[in-house]
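Peer 1: These protein sequence lines map, in sequence, to chains E and Z. Taking the numbering used here, the leading residue of the first sequence gets -4, the next gets one more, and so forth. Taking the numbering used here, the leading residue of the second sequence gets 3, the next gets one more, and so forth.
Derived from the structure by calculation, the hints contain no laboratory data. Some hints here could point you the wrong way.
Computed from the model, here is a short list of chain Z residues facing chain E with C-beta under 10 angstroms [unchecked claim]:
hint, residue
1, Gln8
2, Pro10
3, Gln39
4, Gly42
5, Gln50
6, Asn53
7, Val57
8, Phe67
9, Lys80
10, Leu93
11, Glu104
12, Ala105
13, Phe106
14, Phe107
15, Gln109
27 angstroms max Cα-Cα, derived BS3-like pairs, lysine-lysine [as the list claims (entries may be wrong)]:
hint, chain 1, residue 1, chain 2, residue 2
16, Z, Lys64, E, Lys103
17, Z, Lys80, E, Lys93
18, Z, Lys46, E, Lys103
19, Z, Lys85, E, Lys51
20, E, Lys63, Z, Lys80
21, Z, Lys73, Z, Lys17
22, E, Lys47, Z, Lys46
23, Z, Lys17, E, Lys93
Just so we're clear, the structure is a prediction, and the values are computed from it rather than from any experiment. Note that beta-carbon positions come from the ideal geometry of N, C-alpha and C, so glycine has one too.
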Amino acid sequence: GDSVTQMEGPVTLSEEAFLTINCTYTATGYPSLFWYVQYPGEGLQLLLKATKADDKGSNKGFEATYRKETTSFHLEKGSVQVSDSAVYFCALISGTYKYIFGTGTRLKVLA
Amino acid sequence: EAGVAQSPRYKIIEKRQSVAFWCNPISGHATLYWYQQILGQGPKLLIQFQNNGVVDDSQLPKDRFSAERLKGVDSTLKIQPAKLEDSAVYLCASSLVELATEAFFGQGTRLTVV
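Starting from the given sequences, assemble the full structure and let the hints guide the process.
Peer 2: What follows is the structure, encoded as structure tokens:
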């Protein structure tokens, strides 16, 4: 079945460091890919998305490129801030019409 | 635009008791999802509605969980009787159409079963 695999956390970085959170997927057909962010005590918010191969999603300095050849959708940010501390979820939606989430990666940014 | 509303925010019950959660999706959103998020894990889909019909309930423990979406708008999720392992955050989400569309999430209901 369809699945999403994320790197385990927590990821601890200093402010202004470069961030990469790896995400790979398994799916039939051509899924749409998403990154959601969850701040403490809040629900999930869409961070960015890509709906076809080679699309790049971007928002708030975060980027991810849909790589069909490697079935990956890695999240990157050039310079993280303390306010980026949260849990990040990679997700896909495929022909079965349901969202499938990874287990989440906790990011902690230190001042 | 108002977001997805859920209530209550928190609930503590004893095992074997029953509990119900309520969700009001964004106006006009045909698709509604209920997810269970156990601490340290990603959200797991329990049930998906398209209007008032069930699209997918394959991971809903039907011996104790039930959900309905009357009139294709609000939805309730019920657990009866609750078990300790049901302790989790229950998230409701809605979207305009099924495929390739952003899902908007509520803040969730944190359930603790003691």
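Peer 1: Against this structure, judge whether each hint is valid.
Peer 2: Do the hints match the structure? See the list:
The beta carbon of Gln8(Z) comes within 8 angstroms of a beta carbon in chain E, closer than 10 angstroms, and the hint placing it at the interface holds. Contact between Pro10(Z) and chain E, as hinted, is not supported at the beta carbon level, the nearest pair being about 14 angstroms apart and thus beyond 10 angstroms. Because the smallest distance between the Cβ of Gln39(Z) and any Cβ of chain E comes to about 9 angstroms, under 10 angstroms, the interface hint for this residue holds. Taken as an interface hint, Gly42(Z) checks out: its beta carbon lies about 8 angstroms from the nearest beta carbon of chain E, inside 10 angstroms.
Interface restraint check: Gln50(Z) against chain E, minimum CB-CB distance 6 angstroms, threshold 10 angstroms, status holds. For Asn53(Z), the suggested interface contact is broken, since its CB lies about 14 angstroms from the closest CB of chain E, more than 10 angstroms. Against a cut-off of 10 angstroms between C-beta atoms, the interface hint on Val57(Z) holds, since the closest Cβ of chain E lies about 6 angstroms away. This hint is violated: Phe67(Z) has a C-beta 17 angstroms from the nearest C-beta of chain E, more than the 10 angstroms allowed.
Violation of the interface hint for Lys80(Z) is found here, the shortest Cβ-Cβ separation to chain E being roughly 21 angstroms, above the 10 angstroms cut-off. With a least beta-carbon distance of about 6 angstroms to chain E, the hint placing Leu93(Z) at the interface is held under the 10 angstroms criterion. Restraint check, Glu104(Z) versus chain E: the minimum CB separation of about 5 angstroms is within 10 angstroms; hint holds. Given hint, Ala105(Z) at the interface with chain E, holds; its Cβ is 6 angstroms from that chain's nearest Cβ, closer than 10 angstroms.
Look at Phe106(Z): its Cβ gets to within about 8 angstroms of chain E, closer than 10 angstroms, so that hint holds up. Below 10 angstroms, beta-carbon pairs count as interface contacts, and Phe107(Z) has one with chain E at about 4 angstroms; its hint therefore holds. At its closest, the beta carbon of Gln109(Z) sits 5 angstroms from a beta carbon of chain E; the interface hint therefore holds under the 10 angstroms criterion. For the suggested pair Lys64(Z) and Lys103(E), the alpha carbons sit about 38 angstroms apart, so the restraint of at most 27 angstroms is broken.
For the proposed pair Lys80(Z) and Lys93(E), the alpha carbon gap of about 21 angstroms is at most 27 angstroms, so the pair holds. Restraint check: the Cα-Cα separation between Lys46(Z) and Lys103(E) comes to about 24 angstroms, which is no more than 27 angstroms; the hinted pair holds. The straight-line distance between the Cα atoms of Lys85(Z) and Lys51(E) is roughly 43 angstroms, outside the 27 angstroms bound, and the hint therefore fails. With a CA separation close to 40 angstroms, the supplied pair Lys63(E) and Lys80(Z) exceeds the 27 angstroms bound.
Of the supplied pair hints, the one linking Lys73(Z) and Lys17(Z) is violated, its CA atoms being roughly 31 angstroms apart against a limit of 27 angstroms. Taking the CA atoms of Lys47(E) and Lys46(Z), the gap is about 24 angstroms. The hint holds against a cut of 27 angstroms. Proposed proximity of Lys17(Z) and Lys93(E) is contradicted: the alpha carbons are some 30 angstroms apart, above 27 angstroms.
Of the numbered hints listed earlier, those contradicted by the structure are 2, 6, 8, 9, 16, 19, 20, 21 and 23.
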